[in-house]
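Peer 1: Can you make the complete structure from the sequences, with help from the hints?
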Amino acid sequence: MLPQALPTLPPADVRGTEVGDARRLREALAGAHGPVRSLYVHVPFCFHKCHYCDFYSFVDTQDRQGVFVDRLLEELRRSAACAGGAARPRLETVFVGGGTPSLLAVDQWRRVLDGLHRMFDVARAGEGGEFTVECNPETVTAELMGVLAAGGVTRVSVGAQSFNAAHLKTLERWHDPANVERALGLAADAGIARRSLDLIYATPGQTLEEWRADLERALGLAPGVEHLSAYALTYEPNTAMTARLERGDFARADEDLEVDMYDLLVARLRDAGMERYEVSNFARPGAECRHNLAYWRQESWLAAGPSASGHLGVGEAGGWRWKNVPRLTDWMEGVASSGGWSPAQDVEPPQAGRARAERIMTGLRLREGIDAGLLDATAARREVERGWMVVEEGRARLTDAGFHFADGVARRLMGSR
Amino acid sequence: MQIRNFSIIAHIDHGKSTLADRLLQATNAVSEREAQAQFLDSMDIERERGITIKASAVTVFHQIGGEKFMLNFIDTPGHVDFTYEVSRALTACEGALLVVDATQGVQAQTVANAYLAVNQNLELIPVINKIDLPSARPDEVAMEIEQVIGLPAEDCILVSAKTGQGIPELLERICTRLPGPRTSTMDFTRGLIFDAVYDDYRGVIVYLRMFDGTLKVGDKVRMMGAQRSFVVTELGKYTPKPVKAQSLSEGETGYLVANIKTLADVRIGDTVTQEYTPAPEPLPGYQEPKQMVFCDFYPAIEGDDEDGSPGQRKAASDFEELRDAITKLSLNDASFTFQTVHSEALGFGFRCGFLGLLHMDIIQERLEREGGVKIIQTAPTVTYQVKMHDGEEREIHNPADLPDPGTFDEIREPIVKIDIMLPERCIGDVMKLCQERRAEFKAQQFISEGRQMLKYEIPLAEIIYDFYDKLKSLTSGYGTMDYDVTGFHADDLVKLDILVNGTPVEALSIIVHRDKATVRGRLLCQKLREQIPRHQFEIPIQAAIGSKVIARETIKSVRKDVTAKCYGGDVSRKRKLLEKQKEGKKRMKSVGQVNIPQEAFMAVLEQGE
Ligand SMILES: Nc1nc2c(ncn2[C@@H]2O[C@H](COP(=O)(O)OP(=O)(O)O)[C@@H](O)[C@H]2O)c(=O)[nH]1
Ligand code: SF4
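Protein chains in written order, with numbering that gives the first Met the number 0: chain A, 0 to 416; chain B, 0 to 608.
Certain hints may be false.
Stated by the list, open to error - Just the calculated beta-carbon pair ranges, DEER-fashion:
# : chain 1 : residue 1 : chain 2 : residue 2 : range
1 : B       : R586      : A       : A141      : 55 to 61 Å
2 : A       : G272      : B       : G591      : 42 to 48 Å
3 : A       : G204      : B       : G591      : 35 to 41 Å
4 : A       : G19       : B       : E578      : 22 to 28 Å
It is worth saying that the hints were derived from the structure and are not from the lab. These numbers come from a predicted model, not from an experiment. Where a beta carbon is used, it is the ideal one built from N, C-alpha and C, also for glycine.
Peer 2: Here you go:
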């Protein structure tokens, strides 16, 4: 089922990319390469733009969902042809993020799920498969959860962010905190056994006690969650939150408070049996998000939907990275005009130095750490002497203290060869 | 043929350059089309040869009623730091066009320049420009000119340098109203140097105005002030194309090339005479360039993390590179001085002297741009005079050099007279600002309905940093100022030392009035606490007078260097972010284990009203 000829590239596909690189990426995807076991799908619709958000998402007008799914299925078909030669290539992890995937109408979801299973052999829960859908607590319905569960979804990730109405308001995040528990309940009722929660801390004005209350609320949920992602609020460029900060509407959380909040988070979740397996991710043993681990271990994954990023590993030299064009219309045009090829931009060909830097950067953020052989010995020793890293049995891992300085350590180690 | 030597003086943006271009065109020095073509041609040649010659004097010809005139435009530098240079250029003239924007009216620089011209006994022609603009108010502006400068309102010529309106009348006025050059007073040769530029191929090009006698190619000439001699290899005029001439005679203006290797050999205001038959005395008014503002340049370091975590540290540019860059630059700007300094805390660098603040900024920028060095610049300070107990007079350019208290009688600081032109409604605020800056009120003058001029005497040290910015913000941009150093004045001044992590950092020391020391010390510690990034350890910051600590702050140790988000599958984004953090690192100087960013060195100047 390998594609016969590579269609010519329309110039609109190649923003930020050498035309030659985009072509070579297609050749690499179409040619022989190692297994690709993961897929990311981006659904760009939301019902309101949260102020801190810099994901590619926009307010849904419902009328474009159908065409979006049409194009998505075309892109998935082409991707399946590239995933490893089999008629229905095997996927071990699927992650549908956004945006707000739960905003996609149930009928559209049925089409997506049908298509997915027709084109791919998606591993079921019993076979060790992981299929996550991100949900906004407000948009979860019993019907949707039923359709998802029947379609092989094994895991939901619910964007709670906070249980404090005032802080939700600051974030311009519109949902009723009570709906988080309701959403989790509906997922559990439908048989979706793995549940994760997203939280945000260090919002302007938030106190340590308020953060503690959020954590307790999250841990006391019934049904509960076995995975939690908690992010300190990051002021991304070109977001409303950053504009408000710069205008002086509020002050950034003090560095000491933010660190105290993080320490509380790590300690409290450890108490509750959820270990930090990545700087901002916590899970009961065995409940780690395998899809995200694939990212952080530099495995290969396919990407579909506007702004989705993909990676095709090709061994030591690293892999191809690319990103789909972010604008919905550009992406739809690109897919339609090229027979389902991902309209890629920012294509980065494999390059050993970059691959090493990326391994260090994402790997050090993991509890499991990285192969110490990647590191310059002197630079590594410096970090060990400062108490920020340990090297044991050939693996370099950050210490509890070192996790506070993961960026600094990575910057120094990445640059030191 | 009659000769007219004149300058155009104006407040910035009132249209001096536009008017000069328009006059060139109108005299048919070149036709409109040619003007552009030729101008560009010579620019291209210059660019190819890697030089830019700015013509400081342009000669054109004009006819009025059958009589032919040679008109010499003499350009003047446009900034307050170069008052002396402006005054020399004006000395080369008999007249000046005082250009005032018909929408803006008389501004501080207009007045300052007009006074300079009046002091040189120049004939002034008041010109009101930009009358094509709908918001032009020529009648009011004419009244302002009469009120402030004392030139009759009805004498003003209304022009638009943009449309050409009024230009023929202006040319006629230049020819008929401005006096010709004075007749020679002696048999010797004397020419005034009013500008000089450096050209990589021909060496220094000297602009001069002949007052007495004649210069010829091949003459051996002597610069009377600099006491250097050269053989003239080329003479000429810019028309605006360079045209060689065999000689320059009294009354004329032109350029001279004489195989002069460095601008340091040429002083603006100096007199050129014949080596073998020298004039008995030079033309009056020459002064040595006087540096009023000083600061240190040190090579910046790169490679360390901001928090002091050791990385691949290297000096961004080392001392030798900096020395090369500074030496090279001094070839074509002789008005700044430099000498090696060594500071316990900061290592080797240069203490440099400048004519003023703008001059300092220009030099700093050129060093980085042309010399390719990265520098840490310390806050500018002024020159102080110290009278020691034993009567010895010392001049210090660095607060760190102030002798110990008890060893001297007095410290004197430079005082400037400052003219501030402003809207009447802002007077209260500006007066308050001046009082806070130890200014002494001298006079208030009516300019026109709603506008006034304030005259003060103020220590130069009080205005070298943010005074102008403050003035602009208090007057919503309408205030303008001009200043001139008038002398030195003793006051109760003390040295405030700053200790970072226990180490005194000379470059952060300031000399302040005793009454303000505590407030400034506190403010400075607070500023440094904000500017110096957190390190891996706590850093105490102290301000002290002698051994007495008067203020203290602590910079807490860094607790995190990690971004929570990993951007999912967008690994490139995270990588670029880390790379950017690496590149975006501030320019620093390390003091012991503490990295101090450039901004912190400037914090000493914040007065924080
Ligand atoms: N409308 C109008 N604009 C003018 C006139 N003369 C100059 N300008 C504009 O005023 C600005 C400043 O002129 P410029 O000659 O550079 O001023 P300088 O700083 O005194 O040399 C420029 O944008 C000119 O185009 C004029 O007669 N009419
Ligand atoms: S719901 Fe998620 S993707 Fe949508 S705007 Fe909010 S944060 Fe962004």
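Peer 1: For every hint, state whether the structure bears it out.
Peer 2: These are the hints, each one checked on the structure:
{"no.": "1", "hint": "R586(B) <-> A141(A): 55 to 61 Å", "verdict": "holds, 60 Å"}
{"no.": "2", "hint": "G272(A) <-> G591(B): 42 to 48 Å", "verdict": "holds, 46 Å"}
{"no.": "3", "hint": "G204(A) <-> G591(B): 35 to 41 Å", "verdict": "holds, 38 Å"}
{"no.": "4", "hint": "G19(A) <-> E578(B): 22 to 28 Å", "verdict": "holds, 24 Å"}
Checked against the numbered hints given earlier, the structure satisfies every one of them.
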